[in-house]
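Input sequences plus hints: build the corresponding full structure.
Under the working numbering, think of the first position of the sequence shown as 28, with each following residue one higher.
Since the hints were derived computationally from the structure, they do not count as laboratory data. Here a beta-carbon is modelled for each residue, glycine too, at the ideal position from N, C-alpha and C. There may be inaccurate statements among the hints.
PhoX-like cross-link-like pairs, simulated, lysine-lysine; straight-line CA separation at most 20 Å [stated by the list, open to error]:
1) Lys61 - Lys85
2) Lys237 - Lys194
3) Lys194 - Lys61
4) Lys468 - Lys522
5) Lys40 - Lys86
6) Lys273 - Lys237
7) Lys86 - Lys76
The calculated label-pair distances, taken between Cβ atoms and stated as ranges, are [what the hints assert, rightly or not]:
8) Lys195 - Lys32: 31 to 37 Å
9) Leu533 - Trp113: 31 to 37 Å
10) Asp302 - Asp54: 20 to 26 Å
11) Gly353 - Leu382: 20 to 26 Å
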Amino acid sequence: MKINKAELLSALKADMKAADVLKQEQDSLISTWKAEYNGEPYGNEQKGKSAIVSRDIKKQSEWQHATIVDPFVSTADIIKCTPITWEDTDSAEQNELLLNTQFSRKFDRFNFMSKAVKVLDREGTLVVQTGWDYEDEEVTVMGEAVVVDEYGNETVVEQEVTETVVKKNQPTARVCRNEDIYLDPTCQDNLDNAQFVIHRYETDLSTLKKDGRYKNLDKLAKTSGEDFDYDSPDDTEFQFSDAPRKKLIIYEYWGNYDVDGDGIAEPIVCAWINDVIVRLQSNPYPDGKPPFLVVPFNSIPFKLHGEANAEMIGDNQKVKTAVIRGIIDNMAQSNNGQVAIRKGALDQTNRKKFLAGANFEFNGTANDFWHGSYNAIPSSAFDMISLMNNEIESITGTKSFSGGINSGSLGSTATGARGALDATATRRMNIVRNIAENLVKPLMRKWMAYNAEFLEEEEVIRVTNDKFVPIRKDDLSGRIDIDISISTAEDNAAKSQELSFLLQTLGPNEDPKIRRDIMADIMDLMRMPEQAKRMREYEPKPDPVQEKIRQLELENLMLENQMLVASINDKNARANENTIDAELKRSKAAVEKAKARKLSSEADMTDLKFVKEDNGYAHLEQVELEDLRHAQHLEREAMKHRANLEQMLAQRNAGDTNIGVVE
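See the structure below:
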């Protein structure tokens, strides 16, 4: 389907016009906040009177700037990747190493975070555009090539070949001006619900041609007109005269639009200059979302933009400015430095000496001379200034040296001092967490998605000065949670103090490794990772004398152990001998008992035989035995006779004539 570019451009400009209402409202607030931040006049100044403006907003911003930026730039391992499942463990380790390298070494994180914090604090809203930076060049190197001569012989020769060398291939991020961003007004406080984000910025024809993604650049020379709504950051209004370097205002539309006419909006990017579309393609990023992050300083429910510090302490700055102006006007209208002389106190000659600063004579007393000075300033003026300082520092949570937040304001006790420190630390930590959760974490998630899509097949990462780890693009996919290790100087100092106290409570007989681990943790909190690494890896070298003593003690213990074993074996052997002797004696006793029983039995048998013979029992037994034998013989004969009778009866029944004859 052919795209109607005129209709498309008209629809995208209509979206921009609808978003311009919200943008102008926010631009008005930002202009007011920036004017108060810079201490610009309020417009009620009078001629001949003080026009000073107390820059409390800027001072508070500068006071807290360093403590907010420091947690993000003080360590090289700020990003922690946690796997959701055990299968993602290797992927989490690879992503953690890669993201820390990209953010800490390949990316200008200090200037980025410094600019981001300043814009966030001053304007209340920070917009960051993410992207991918790729740059290569062709170089000529000497390479080997196979040449075949006319006879078919192959020869390896060296010749110049052209290779493409990748100079840059990494994710990037840059801070955008709020006045150049048009946001979908229907997304409320969630950028993921935004249907479009429009970014306006300056460029030139040379940059667009070098990029290679922009078309219809030849039509730009035929267009005319300037964008009068654009406020250039260059106040000199300088313009290049040649066409390649002349500044152009380009609008980039990142959002969803139905370009196919199928009723489903697809993620696209469309860029135009004046009325010429120079870029139109699908969203090249893997998540299909606009490559922007919006971070509020002091968030407002259901609104994407936030409030700046000036919104909270702007009135206090006005009151303090009015009091200071009154003090200065009071002092300016006094007669400070003037001297009045009573008439007649000086004659003409001494008057000239007095005016010349020389010694002079006068008539009368010292009261005849009056010296002018500043008017006395009432203490209520300083009380009001102190009250404003207290309120400003209480709101921002920033403790400066102006005497605002102190233990006296909360009670002259240790609890009051701790409460003041806890209040400032809590407020500062809240700002740091806001930046970590709404800026750094989403930025790292986008970078992680970009790495899996645009990174080279293998990237070599330097872990230490002598250790390098290859990162493969295929190993980066997985379900991973990103955590940001952040802490303020106060938090680190408190943790370090607790660990130091714990170190003091350990006894001298405690394991030295435990002490070294605690000392390494303290060094980590003090931002000394190299010393912490050396402390954890430290292995004390043994003292030769002590080592010899320990060896001799070990040998002595071994000998004592051998003697103890020998003594135990000897006692066991003796016990075994005693056991054998006891068993032998028990066996002999059993033999003697058996002999005694045998003799007793033989004696009983002899006695029994004598008794039987004496009483005639032996003859009777012999007779009974003979009768038994005779009865048995008769029974056998009877049985044999019955068998013969049964045989003859069977022969008769069978009709046999030879009865009694057995064949």
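A quick look at each hint next to the structure:
1. Lys61 - Lys85: 10 Å, holds
2. Lys237 - Lys194: 16 Å, holds
3. Lys194 - Lys61: 39 Å, violated
4. Lys468 - Lys522: 24 Å, violated
5. Lys40 - Lys86: 41 Å, violated
6. Lys273 - Lys237: 15 Å, holds
7. Lys86 - Lys76: 24 Å, violated
8. Lys195 - Lys32: 31 to 37 Å: 33 Å, holds
9. Leu533 - Trp113: 31 to 37 Å: Distance hint for Leu533, Trp113 holds at roughly 36 Å.
10. Asp302 - Asp54: 20 to 26 Å: 24 Å, holds
11. Gly353 - Leu382: 20 to 26 Å: With Cβ atoms ~35 Å apart, the hint is violated.
Going through the hint list in order, the structure does not satisfy hints 3, 4, 5, 7 and 11.
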